[in-house]
Each structure stands twice: as structure tokens, then as C-alpha cells.
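Kindly produce the complete structure, drawing on both the sequences and the hints.
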Amino acid sequence: MQRMTDAATSVRWLWRGLKKGDWLWLMLAVVIASATVTFVERLGDTAKESMVRKAAMNLGADTVLESSRPIGDRWRALAEQLDLSVAESQTLVTMASVDDAKGGSAFQLVRLKGVSPNLPLRGSGDLPRIPAQSNQVWAEQALVPLMGLNTQPPSSIVLGNRSFELAATYASNQSGLGMTAFAYEMRVALDQLDQTGLKGPGSRVSYHLSVAGDAASVEAFTRAVREADTPSLEVRSAQSPSEDLGQALDTAWQFLDLAGLSAVLVAGLSILIASRFYLGRWQNMIALMRALGATRARITRLFAVQLMALALGAALIGVLLGQLLFVAVTPLLAHYFDPLVLSDWRGVSLYGLLMGVLVLWSFAWQAFRRAVATPPVALLKTISDAVPMQHWLASLGLILLVMALISAGSWWVLSAVAVMAGLLYLAAQVLIWALNHWQRHASGWLKLSIAALTRSPGLVRIQLMSIGLVLFVLMLMTFVRADLMTNWQLSLPADTPDTFVINVQPDQKETVIRLLSERGIDTDLVPMARGRLVAVEGAPIRAEDQSSSRGKRLLQREANIAVMPSPPEYNRIVAQRSQAEQAASELPFVSVEQGIAELYGLKLGQTLTFDFSGQRQTYVINSLREVTWQSFRLNFFFVVQPQPSGSLPISYLGNFALSQTDTTPQALMQVMGREAPGVLVIDAGRIMEQIQTIMRQASWAVSGLYGFTLAASLIVLLTATMASQQSRIQSWLLLRTIGASQVTVLKVGLMEFALLGALAGLLAATFAQITGLLISQFVLEMTPQLSPMLWALSVLLGSTILVIMGWLTQRHYLKLTPSAMAQRWG
Amino acid sequence: MPQQSQTPSDDGRAAEPGLLRILKGCDLRVQRGESVSIIGRSGSGKSTLLSLMAGLALPTEGNVHLLGQCLNRLQEDQRAAVRAQAVGFVFQNFQLMPSMSALENVLMPLELFQMPQARERALAALDQVGLSERVHHRPAQLSGGEQQRVALARAFVTEPDVLFADEPTGNLDEVTAGHVQELLFDLNARTHTTLVLVTHDKAFARHCQKAYQLTEGRLEPVHATND
Chain R
3 MQRMTDAATS VRWLWRGLKK GDWLWLMLAV VIASATVTFV ERLGDTAKES
53 MVRKAAMNLG ADTVLESSRP IGDRWRALAE QLDLSVAESQ TLVTMASVDD
103 AKGGSAFQLV RLKGVSPNLP LRGSGDLPRI PAQSNQVWAE QALVPLMGLN
153 TQPPSSIVLG NRSFELAATY ASNQSGLGMT AFAYEMRVAL DQLDQTGLKG
203 PGSRVSYHLS VAGDAASVEA FTRAVREADT PSLEVRSAQS PSEDLGQALD
253 TAWQFLDLAG LSAVLVAGLS ILIASRFYLG RWQNMIALMR ALGATRARIT
303 RLFAVQLMAL ALGAALIGVL LGQLLFVAVT PLLAHYFDPL VLSDWRGVSL
353 YGLLMGVLVL WSFAWQAFRR AVATPPVALL KTISDAVPMQ HWLASLGLIL
403 LVMALISAGS WWVLSAVAVM AGLLYLAAQV LIWALNHWQR HASGWLKLSI
453 AALTRSPGLV RIQLMSIGLV LFVLMLMTFV RADLMTNWQL SLPADTPDTF
503 VINVQPDQKE TVIRLLSERG IDTDLVPMAR GRLVAVEGAP IRAEDQSSSR
553 GKRLLQREAN IAVMPSPPEY NRIVAQRSQA EQAASELPFV SVEQGIAELY
603 GLKLGQTLTF DFSGQRQTYV INSLREVTWQ SFRLNFFFVV QPQPSGSLPI
653 SYLGNFALSQ TDTTPQALMQ VMGREAPGVL VIDAGRIMEQ IQTIMRQASW
703 AVSGLYGFTL AASLIVLLTA TMASQQSRIQ SWLLLRTIGA SQVTVLKVGL
753 MEFALLGALA GLLAATFAQI TGLLISQFVL EMTPQLSPML WALSVLLGST
803 ILVIMGWLTQ RHYLKLTPSA MAQRWG
Chain P
294 MPQQSQTPSD DGRAAEPGLL RILKGCDLRV QRGESVSIIG RSGSGKSTLL
344 SLMAGLALPT EGNVHLLGQC LNRLQEDQRA AVRAQAVGFV FQNFQLMPSM
394 SALENVLMPL ELFQMPQARE RALAALDQVG LSERVHHRPA QLSGGEQQRV
444 ALARAFVTEP DVLFADEPTG NLDEVTAGHV QELLFDLNAR THTTLVLVTH
494 DKAFARHCQK AYQLTEGRLE PVHATND
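Sequence order for the protein chains is R and P.
Under the working numbering, the letters of the first sequence match residues 3 to 828, in that order.
Under the working numbering, the letters of the second sequence match residues 294 to 520, in that order.
FYI, nobody ran anything at the bench for these hints, they're computed from the structure.
Please note that the accuracy of each hint is not assured.
[As the list claims (entries may be wrong)] Pairs of lysine-lysine, DSSO-like flavour, derived with a Cα cap of 27 Å: (1) 383(R) / 495(P); (2) 22(R) / 817(R); (3) 554(R) / 50(R); (4) 317(P) / 383(R); (5) 817(R) / 749(R); (6) 317(P) / 495(P).
[Claimed, not checked] With the Cβ distance kept under 7 Å, some of the chain P side facing chain R (calculated, not the full set): (7) 321; (8) 340; (9) 420.
[What the hints assert, rightly or not] Computed footprint of chain P on chain R; a stretch qualifies when at least three of its residues, placed anywhere within it, have a C-beta under 8 Å from a C-beta of chain P: (10) 7–21; (11) 35–45.
Just so you know, even glycine gets a beta-carbon here, dropped at the ideal spot from N, CA and C.
Here you go:
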């Protein structure tokens with residue numbers, strides 16, 4: 003009962019305070035924090051779900067099980083039990099020919115896919131739905147020029163011992179680069195596949211079970227399959243995009259998260275400063291309440307309920323704002339995502355609400371704990387308002403928790419925030435020491451300004467740290483953002499390869515080079531062999547022993563392994579054996595991509611054994627390489643040295659920017675089909691478009707978040723000037739009383755702001771320079787450059803902004819007569 | 294019946310190193326309904342003595358009894374309970390909440406302890422101190438005398454058994470101080486509250502039934518002739 007009435011009293015007091023604008027700064031900060039979190043999360047979820055849906059449409063399902071043996075009824079039963087739609091298909095590689103006396107093209111290697119009538123389960127697009135018992139065949143468009151196919155009148159295509167009529171053609175549905183698929187696809191009804199007689203003993207058929215349905219059921223199904231860990235079963239999911247697309251997405255999310263995080267951090271800082279400003283008020287009120295007989299527990303309750311109600315109310319407004327903003331940008335999103343899948347608003351709203359509450363509590367915790375511990379005797383004696391270290395540590399712990407939640411536990415982000423805060427604190431300490439020193443040698447109004455600034459060093463430290471961090475974040479976002487945008491655009495220059503030729507046999511190499519050079523394309527064909535890693539240091543490496551699904555997947559299938567004397571120049575070597583070690587080595591070398599080395603724990607000097615179509619070869623790891631997957635250059639996990647015996651089953655592949663020439667992919671396919679049969683031309687333009695779209699989306703969203711950070715920064719600057727208002731005005735009153743002119747008070751007042759801004763600017767520029775250098779060096783891999791102008795600019799900017807803020811918030815008091823000032827503040 | 298007695302700190306014992314001994318052997322007994330003043334110069338320890346008597350702080354030595362309870366033996370929350378039931382305060386610097394109106398300041402203790410008809414009582418208290426026209430003004434919009442009258446209304450609205458007043462006119466001019474003193478004694482007489490007044494103003498102190506002088510930590514009764 004007591005608690006209920008306390009809650010009612012708290013809410014009543016809070017409401018009164020709100021009406022008078024007492025809680026304005028805390029409220030605004032929480033609103034911004036939760037609006038940012040809500041908007042970023044909703045945007046991110048929608049983008050992810052839209053992309054997964056798109057991937058699902060390409061896959062024709064949410065998840066596909068693939069096996070070299072018939073997939074038992076167990077998984078179909080589970081899928082049906084989970085209320086998922088289920089479809090089946092079987093694929094085999096065979097030769098197709100056109101049954102046409104006038105002579106279509108020669109025999110063509112195709113991937114023949116028998117599909118059940120309900121496939122594809124996701125997306126209608128170009129993929130055909132093939133009724134049962136249909137005697138028609140559907141062919142991938144690329145096969146039309148290769149085989150000289152027609153739909154009017156329909157070509158007759160012979161597959162095994164059956165002949166099918168061509169119904170229609172469809173666009174490729176390969177979502178990756180398609181380099182694993184060595185042949186173009188044809189589709190027939192599943193029940194007709196058996197009639198072709200191609201599924202005999204020894205034929206390599208792969209069986210697929212496709213499922214689709216609501217996300218939770220699909221996840222449950224996928225998890226069950228993965229947990230069963232059937233070695234012959236491979237899971238392909240719309241959730242795991244291809245290597246290059248995945249990396250582009252990761253970068254985009256990381257930058258989005260960082261932009262959101264900076265807005266929340268800045269909003270938190272304004273809470274931190276505002277909490278110092280409220281601390282004085284709370285302490286007076288709490289001391290009085292204690293004197294009047296309220297117990298500490300009761301006071302804690304009364305204030306906790308007020309803060310909690312404030313946090314919930316403000317977070318609710320923030321969530322609404324975030325959602326409204328999202329609704330406002332939905333038409334824009336529809337331009338970028340097709341299909342646009344709007345994520346569920348409820349989970350995100352709850353998260354935004356929680357984060358708003360957490361942000362308030364974490365940044366205000368120290369002031370709250372200090373305030374509720376105010377002794378009643380504070381009414382009669384001046385007591386220190388210094389916050390004990392344990393409260394600061396608790397606050398810091400909570401802040402790190404909030405940051406961890408937002409940055410999804412990214413330890414480097416947390417460490418960077420903690421280190422940055424610590425360094426700023428130390429730097430602020432040094433600056434205050436320097437100010438004290440300066441004050442002793444200064445005179446006149448300058449001395450008074452410095453004295454005013456150093457009057458409460460605790461508050462000035464927080465102000466310096468906060469304003470410094472705000473300016474730092476703004477500078478970093480302005481400059482680094484511009485750098486990143488440029489870098490992203492540069493990362494895909496106009497001559498980025500967009501077309502691949504693969505499966506070029508050694509005897510076709512010269513022909514292909516000639517055909518390409520006739521069309522103005524100058525490219526090297528890289529020799530490669532398809533092989534599978536089977537042993538490390540002589541010990542077998544098995545997919546089932548791997549804990550990560552990527553680790554399993556990569557061992558289950560053959561990889562493209564480059565056969566070159568040394569790795570390509572555009573790969574950066576990150577580790578290499580010494581000359582002496584190389585000379586002493588008897589085995590040929592292999593160069594391993596860094597990520598793969600980490601995945602399997604491979605080290606320099608270890609031996610790797612590969613299986614190339616039954617032929618085993620052992621190599622020693624000579625170097626580790628860093629590969630930029632988004633570059634669209636020819637990249638390989640492994641590069642092995644050619645064997646003198648030359649016995650590896652080699653084919654060649656190459657890539658180039660076909661869009662820079664007059665030749666179309668179709669024309670190239672046609673000529674290759676004619677003069678170099680079996681060579682596949684892969685158009686990768688679509689996936690590049692996807693990546694470019696993601697980058698555009700990310701840069702656009704980052705600009706939006708930049709607006710949030712700016713708004714939060716404005717509040718930090720305002721609270722920073724308000725926090726020390728009372729004592730500042732009291733000292734102005736004193737100056738006016740002892741005869742200082744209005745101009746002198748104005749100079750003292752504005753100089754204090756100018757100094758604070760300049761010092762914060764100095765700190766921010768120094769930290770921005772260091773961070774910029776580190777980012778240039780290690781992230782963007784550009785030549786780092788120091789910019790002395792940044793310091794001058796930052797100091798000037800900091801003091802100008804603070805003077806403007808100070809003038810806007812304090813001008814009223816700067817102009818008051820001593821008596822009016824005394825009446826209001828004396 | 295003794296309502297309050299206190300004996301902080303006996304003289305003759307060595308103070309702990311680093312501790313400043315402010316009060317030395319003060320022995321004071323105040324009866325229910327009495328008005329007692331303690332006078333002394335600035336820094337003589339008057340406010341310290343008041344904070345000990347009200348249980349806002351604890352003595353390092355000696356005992357303080359308030360309303361029959363030994364405050365030394367009580368936890369802070371138990372002392373708070375004693376204050377909640379029977380104690381009111383008036384301070385030199387008024388201690389009004391700047392963001393609250395006069396009415397809200399007076400309402401605060403009533404709402405804190407969920408007293409019935411809080412608003413009516415607060416309005417009546419403000420009326421008693423002559424501020425019924427200024428109930429919605431904030432402290433900054435009131436004169437010093439008016440602010441102290443709000444503080445008096447807040448102190449008396451809970452009808453405390455004991456009122457501790459720490460230099461209640463210390464921040465006011467002579468005329469205003471006179472009005473506030475008059476009001477204080479008037480309210481005291483009407484509510485039969487025990488009054489403990491700390492002041493450096495001897496004339497003000499003389500209005501109390503008993504007066505004590507605090508000099509160098511020692512409390513001496515002031516006789517009527519001692520002016």
C-alpha cells in the first residue's frame with residue numbers, strides 16, 4: 003500500500019516537474035537515444051529480412067537440403083510437422099542435344115533438374131512451375147545461343163532416351179558467382195526425370211528437399227538438420243549469402259551500428275552532464291526530505307519511480323518517433339529493396355524502450371546514487387557533491403552493458419569506448435592542471451574567466467570529456483564518413499570485372515584469348531584445378547569434426563585452387579616463410595587465404611594434402627594472404643605451385659569488365675559456344691549491382707543517423723552550458739555588485755565558454771587525428787596524413803559553438819541588472 | 294515531563310586526532326511547550342548543536358534524547374521516523390525548492406507522508422502566514438520575507454511537537470525580520486509547539502522563555518538582566 007501511494011506521489015511530482023520543464027534535458031536525451039536505436043534496428047531488420055527474402059527467391063525456398071543420396075522421409079515429416087511447405091527436386095549433369103535435322107548446335111553439357119510441381123516455393127519471378135507429367139522442358143536463357151534453341155516452333159530437346167519440347171526460357175537464378183555450377187540448367191517435371199533413363203547406377207544425382215514457411219519454423223527445421231549432423235546432407239539457407247556479398251553486408255552493418263552507437267553515446271553524454279546539473283537540485287530536496295523524516299529507502303523509491311517513469315515516457319516517445327521516421331522512409335526503401343519485407347515493429351519497439359530506459363539509468367546512475375545518499379545535515383552544512391568512485395564504476399559498467407547490447411558484443415568497440423573515455427579523462431585532468439597554472443600568471447578579466455572555469459574541476463572534467471567526445475564523433479563522422487563513402491565508390495571502379503569465363507580447357511586457351519582480344523578484352527587466364535583439402539600435416543581433416551558450418555561446408559565441396567608459381571600481386575601477403583626455410587623445403591608451396599587459415603588453424607610450414615579428382619598432392623604452406631573479396635578480382639582460398647610433372651587436371655578461368663566493351667554477354671556466350679564448346683560465360687553484373695545497392699543504402703542510412711548524432715550533440719552542448727549556470731550567475735552577480743561593467747561581465751562570461759570550447763576542440767582534434775591515422779592505415783589502407791588545419795579548425799569551431807551556445811542560453815542573465823539578478827539567483 | 298534532553302560531549306576527554314571538538318559538556322533540558330533560544334557568535338557551534346538535537350547528526354560522545362528516545366541508539370531511519378512524527382524545521386536560507394510554487398513547497402511534507410486533505414491544509418497554512426494571494430508563485434518571484442513565511446507555513450503545516458529554527462531571520466532586513474519573528478511566535482503560541490531557536494540576535498532570543506549562550510563550546514543560561 004505504502005509503495006503504491008509512493009508511486010502515486012512520485013508520478014504527481016514528476017508531472018509537476020514536467021509541466022515546468024524541469025526534466026526537459028534528460029527527456030530529450032532519452033528520446034533521441036531510443037529513437038535512434040528503434041530506427042536503426044528497424045531499418046537493419048527490414049534490410050536484412052528483405053535481402054534474405056530476395057535470397058530465398060533466388061534459392062526458390064528458405065532452406066534447401068542437398069544430398070548425394072535420396073533424402074529420407076524423416077526430414078520431410080519434420081518439415082510437415084512444422085507446417086512448412088515442402089518441395090523436391092533432383093539434379094544430374096548430362097548431355098543435351100537438339101533433335102533437329104537442320105542442325106542445332108552440338109551436344110551441350112547441362113544440369114538437368116527434375117522439379118516437383120510446387121517449386122519454387124519462394125518467388126515466382128522467371129522460374130517456371132512445371133506441372134507433373136509434363137513433356138516439356140524449360141531452359142536457362144544462356145543455352146539459347148549455345149544450342150540455337152527456339153520456342154516458336156519449339157525445339158525438341160533430347161535428354162537421355164526421352165525427347166522434350168522447349169516450353170520457355172528463364173533467367174539464371176544463381177545468386178553467387180555461379181562458378182561452382184559448371185553447366186547451364188534445364189528443368190523438367192520430377193516424375194519425367196525417371197523416364198529419361200539417366201538415373202542409372204553410377205550417375206551422379208543430387209537430391210534436394212526445399213522448405214519454406216514462417217521464419218521460426220524454418221529456423222527450427224534448419225537447426226534440427228544441422229544438429230543431426232548427417233555427413234551426406236548439406237544445408238543451403240537464404241540466411242547465409244555468398245562470400246563476397248556477405249562481406250559487403252558485414253561492412254555495411256558494422257558502419258550502421260557504429261553510427262547508431264555514436265548517436266546513443268552522445269545522447270548518453272548529455273544525460274551525464276544533465277545528471278550533474280540535477281544532482282545539486284536533488285541533493286537539496288533529498289536533504290530536506292530526510293530532515294522532515296523520510297527514510298532513505300523511501301527517498302530512493304520516490305526518486306527511482308520518478309526516473310523510471312521519466313525514462314519510460316521519454317523512451318516511448320523516442321520509440322514512436324523512431325517508428326514514424328521509419329514509416330516516413332519506407333517509400334524510399336521500396337526503391338532499394340524488391341521485395342521490401344517490413345520487419346515486425348513490436349520486438350524493435352520493446353528493444354527501443356528498453357534501451358532508452360537503460361541509457362538513462364546507466365549515465366545517471368552515479369548522480370542518482372550520490373543524491374539518495376545525501377545526509378539531512380546537508381541542510382545546515384556544505385557537503386561535497388563528489389561522486390564516490392564505486393558509483394562511477396557502476397555507471398561505467400552499465401554504460402558498457404548498453405554499448406555491448408547495441409554493438410552486439412563487439413569487444414573492440416567496447417574497448418575503444420572505454421580507452422577513449424579514460425584517455426579523455428586524463429587529458430582533461432592535464433588541461434585543468436595547465437589552466438590552474440595559467441590562472442596564476444593571468445590577470446584582469448581573463449584571470450576571472452579561468453577562475454570561473456576551474457571553480458568546479460569535477461564538472462569541467464565531465465564537460466571537457468563530453469564536449470571533446472561530441473566534437474570528436476562529429477569530426478570523425480564528417481571526415482571518415484566522406485573517406486568511407488569515397489572508398490566504397492572507389493572499391494568498385496568502372497573497370498571492375500563483371501564477367502567470368504570458366505571451364506576453359508588447356509587446348510581452348512589460345513582460342514579464348516584470341517576471341518576475347520578481338521573484342522578489345524585483354525585478360526590473363528589463370529590456371530586452376532578443382533580439389534578438396536583432405537589432410538593437414540598428414541592427418542585427415544573431416545567436415546564432421548568442424549564446429550562451424552562454414553568450416554564444414556568448405557570441406558564438403560571441391561574448391562577452385564589456383565595453380566601458379568606465386569600468388570597474384572593484388573593479394574597482400576601477411577606472413578611468409580623465410581628464404582632459408584623456402585630453400586630447405588622439398589615440397590611445392592601453397593599460399594593460403596588468411597580467413598581460411600584462421601578457420602582451420604593453419605600455420606606457416608604445415609603441410610596440406612589436396613585431392614584433385616582422386617589424385618593426392620601434398621604442399622607446404624609458404625605464405626598467408628589477405629584477400630579483398632569485394633574487389634571482384636580472381637581470388638582463391640589456395641594457390642598451389644605447378645608440379646613439374648604437370649599432371650593436375652587443369653582448366654583456366656579469367657574475368658574482365660565486359661560492360662566496358664560493345665559486346666553483350668549473350669553475344670560472347672554465342673561465340674564461345676561455337677568456337678570453344680564447354681566454356682562457360684558467367685555474368686556477375688547482378689551481384690555487383692546488389693553490392694553497390696547495399697553500399698548506397700548504407701551510406702544513405704548513415705547520413706540519416708548523422709542527423710541524430712547532430713541533434714544529440716546540440717543537447718550535450720546546451721546541457722554543458724546549463725550545468726554550471728547557477729554558480730556562474732552567482733559570480734557574475736558578485737562582479738556586478740562590486741562594480742564591474744556589463745561589458746566586463748560579458749567578456750568574463752563569454753571567455754569562459756570560449757576557453758571551454760577551445761580546450762574541448764583541442765582534445766577532439768588530437769583524438770580525431772590519431773583515430774583518423776589509425777583508420778587510414780589499418781582499415782582503408784590509404785597513406786595516413788596529418789592535417790594541422792584540423793587543430794586550428796577544431797579549436798576555432800569548439801570555442802565558436804560554445805560561445806554561441808553560451809550566448810543563447812545565458813544572454814538573459816548577462817544583461818540583467820545586479821538587483822534583478824540578486825532577486826532571481828541571490 | 295522532560296520532552297527533550299541532551300548531553301553531548303563531556304569536557305576533559307582528549308579529542309580524537311584530527312577531530313575538531315566543537316561542543317564541550319553541553320547539558321540542556323527542554324520541556325514540552327517551552328521556547329528556548331541558543332545564542333552565540335558565528336562559528337560557535339549553534340548549528341551543530343541544533344543538528345544534534347534534531348537527530349540530523351550524531352555526537353561523537355554524550356547522549357541526545359528527543360521525545361523520550363535516545364537518538365544515539367537509533368539507526369538513521371529510526372531517527373527519521375522520530376522526525377517524521379514530531380519535528381519541523383525553519384532554516385536561515387529558507388531551503389525552498391526553486392522549481393516548486395509556494396503551495397507545492399508547503400504540500401511537500403504532507404504529500405511525503407500521505408496526510409489527508411493535503412491541499413486544503415497547505416492552502417490554510419499559507420493563508421495563516423498571509424500568502425493566500427501568492428500560492429502559485431515560485432520562490433524566485435517572492436521577496437526574502439515572503440520566502441521565509443512560506444518556510445514557516447511548511448514547518449507548521451504538519452503540526453510538529455518540536456520546531457527547530459536555525460537563524461530564521463538571519464537573511465532578512467530588520468523590519469522584515471521583525472514581522473517573521475512575530476509570526477513565528479504567534480504560530481508557536483497557537484500550536485503549543487516546543488520551539489528551539491538558534492540565533493545570534495539577542496533581542497530575538499529574548500522572546501523565548503529560556504535563553505542560553507554558547508561560548509567556546511559551553512552552554513550557559515542567559516539571565517534576563519544579561520543583555
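Status of the hints after comparison with the structure:
1. 383(R) / 495(P): Distance of about 23 Å is within 27 Å: holds.
2. 22(R) / 817(R): At roughly 24 Å apart (the allowed maximum being 27 Å), residue 817(R) and residue 22(R) satisfy the hint.
3. 554(R) / 50(R): holds, 24 Å
4. 317(P) / 383(R): holds, 20 Å
5. 817(R) / 749(R): Distance ~12 Å between residue 817(R) and residue 749(R) Cα, so the pair holds.
6. 317(P) / 495(P): Holds: residue 317(P) and residue 495(P) sit about 22 Å apart, inside 27 Å.
7. 321: violated, 18 Å
8. 340: holds, 5 Å
9. 420: violated, 21 Å
10. 7–21: Coverage by chain P holds for the region 7–21 of chain R (6 residues, Cβ < 8 Å).
11. 35–45: It is violated: at least three residues are needed, and the region 35–45 of chain R offers just 0 whose Cβ sits closer than 8 Å to chain P.
Violated hints, in rising order: 7, 9, 11; the structure is consistent with all others.
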